[in-house]
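Novice: Sequence:
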Amino acid sequence: MNEYWIQGLANTTDLQGSTSKKSDTHSQIKTDTETGIVLNLDTVSIHEQKKDLRNKYVLKFQTETKEELEKRKKESFEPVIPQPDNDLERGCDEFFPESISFPKRPSWEPNDDESAFDAKENRYFFEYCKSAIESTSFFDLNLETWRQLWRVTEKADILFVIVDIRFASVHFPPALYRYIVNELEKKMILVLNKIDLVPSSVVAAWKDYFSSEFPGISVVYFTSLPAYNLANPTASRMKGAKIRGSIKMAAEGALRVYQECEKIVEGKVDLSTWKELIMQQLKSDFVEELKSIVSLEPESPQTQRKELYSDRILTIGAIGHPNVGKSSVLNALTGRKVVSVSKTPGHTKHFQTVNLTNTVKLLDCPGLVFPSKAPKNLQVLAGCYPISQLREPYSAIRFMAEHINIPSRLHLIHQSNEIEWSPYDICDAWAVKCGFRTRKGGKSDVYRAANKLLRAHLGGALGLYLRPPNYTSEQDHWQRHPLISEIEEIQALGERITVFNKEISEEESNEESDVNSDDEKMSEKVKQVENKYAALELDD
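Heads up: the sequence shown is residues 224 to 763, going by this note's numbering.
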């Protein structure tokens, strides 16, 4: 399932009953026609398609005003001021102060029927959004998305929270930790994903940070997603590195998760079959598609506080922001590629259930963005907001350029022969280097260049990542930490790297820029290299 297709409202009516339509990407928060509850908050719907049932899964954010966009566009011409390394030290409390929570399911009363409870949820969600929207950054304004989270947290015995370690503090809401551990009294496992994209010392520091700040949490590592690297880019070629044959890496990650679950259940559930599945995968060299054990579980409007390990079955729920690699982690846990039996995601109000073994099942909660104070540019860089839908990408480019010398790494030539670089200058020079031009007028396609830079960053190409507080001053300590050898051993599992030389075709170079202009046609030449750190190296 595409991580951007998350639960939305199926049948909607316009504010005040209007039948007028807005554009595909702009709408208002609307409500189910059966309840009559109207949420009249301006939103933008991501990846919405006309007459498509998947619109129920659309990610909804509040809209930006024209004034905000124009202000940031003007700022894109201002010079970049480099920032010190410790500016990247960001703890969870910076983005998630205690005053910020998240929508929680109202309690079910004995006299509530399904319709009344649905109306109660709508009313509660409206009040929450109305009070939170002015004090938070972009978060998911789609009630159906949150309903899926509520169901997964209620049904699961253990909750996985999966984060991209490069922006771990942006992806981890402490309020969710407190809710799961203190209110629901369940165990949480934090999965630090994509650890092959940061130095081992940073991995050790983040593990210590989360273990210290959030007592009782279990922390495991994962390298399940391919890593990309941008090295020696030229006008017609961009080199990347992608980890191939990552089955062993994924299985090793699954084994670490299994070991944590085994500690938690304390023999109350037989997990031996799951372990056998993982051990078989460690010896395997191919990926299967898993169709027969995937089902869509019907919802119940009633809050369910079930007993742990009921029927001696371990139920695991997976939670995470978009783009943290949740799907890859779940595939690793199953030992196979999980394929939904539904051809149309979201055709009913269900969440995906994977029956891993007779005693273990996984509940996949659709990706959603929690309320926070994370600025928009960091949300973009953390993958919380789709790059293809950005109306103003230069703020995110500025943050990158403040911490990475992009012109030097990409060997860019300033088009105005100036010493200082602005975000616009960087994108302009990159557009020239890549041969990106608009069809009308033949000008440098600066927006497309910005889009491509941000996509390269998301793939791990430019080496931007946050650090936990005080990391810079204690860097020597973390580089000698006892965990380093264990972490580097995990990172080294992807020792065989496949390097892709991606050539931009002439036809693609002349394409007109639009929000989806990054669908580039590239030929690939494969070259095998033996360097376990190739995915992290950059050309200085």
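Quick caveat, the hints were computed from the structure, so don't treat them as lab data.
Backbone N, C-alpha and C fix where the C-beta goes; we use that ideal spot for every residue, glycine too.
Any given hint might turn out to be false.
To be verified - Distance ranges between label pairs, derived from CB positions:
#1 Lys294 with Glu321: 28 to 38 Å
#2 Asp699 with Leu292: 36 to 46 Å
#3 Asn628 with Glu298: 49 to 59 Å
#4 Gln638 with Glu357: 37 to 47 Å
#5 Gly658 with Lys294: 28 to 38 Å
#6 Arg662 with Ser434: 36 to 46 Å
Novice: Give a verdict on every hint.
Specialist: Quick rundown of the hints versus the structure:
1. For lysine 294 and glutamate 321, the Cβ-Cβ distance of about 30 Å falls inside the hinted range of 28 to 38 Å, so the restraint holds.
2. The beta-carbon spacing between aspartate 699 and leucine 292, approximately 44 Å, falls within the hinted interval of 36 to 46 Å.
3. Hint check: asparagine 628 to glutamate 298, Cβ distance near 20 Å, so the stated range 49 to 59 Å is violated.
4. The hinted window of 37 to 47 Å between glutamine 638 and glutamate 357 holds, with their beta carbons roughly 40 Å apart.
5. For the hinted restraint 28 to 38 Å between glycine 658 and lysine 294, the CB-CB distance of approximately 31 Å keeps it satisfied.
6. The given range of 36 to 46 Å is broken by arginine 662 and serine 434, whose C-beta atoms sit roughly 53 Å from each other.
The structure does not agree with the numbered hints 3 and 6 stated previously, though it agrees with the rest.
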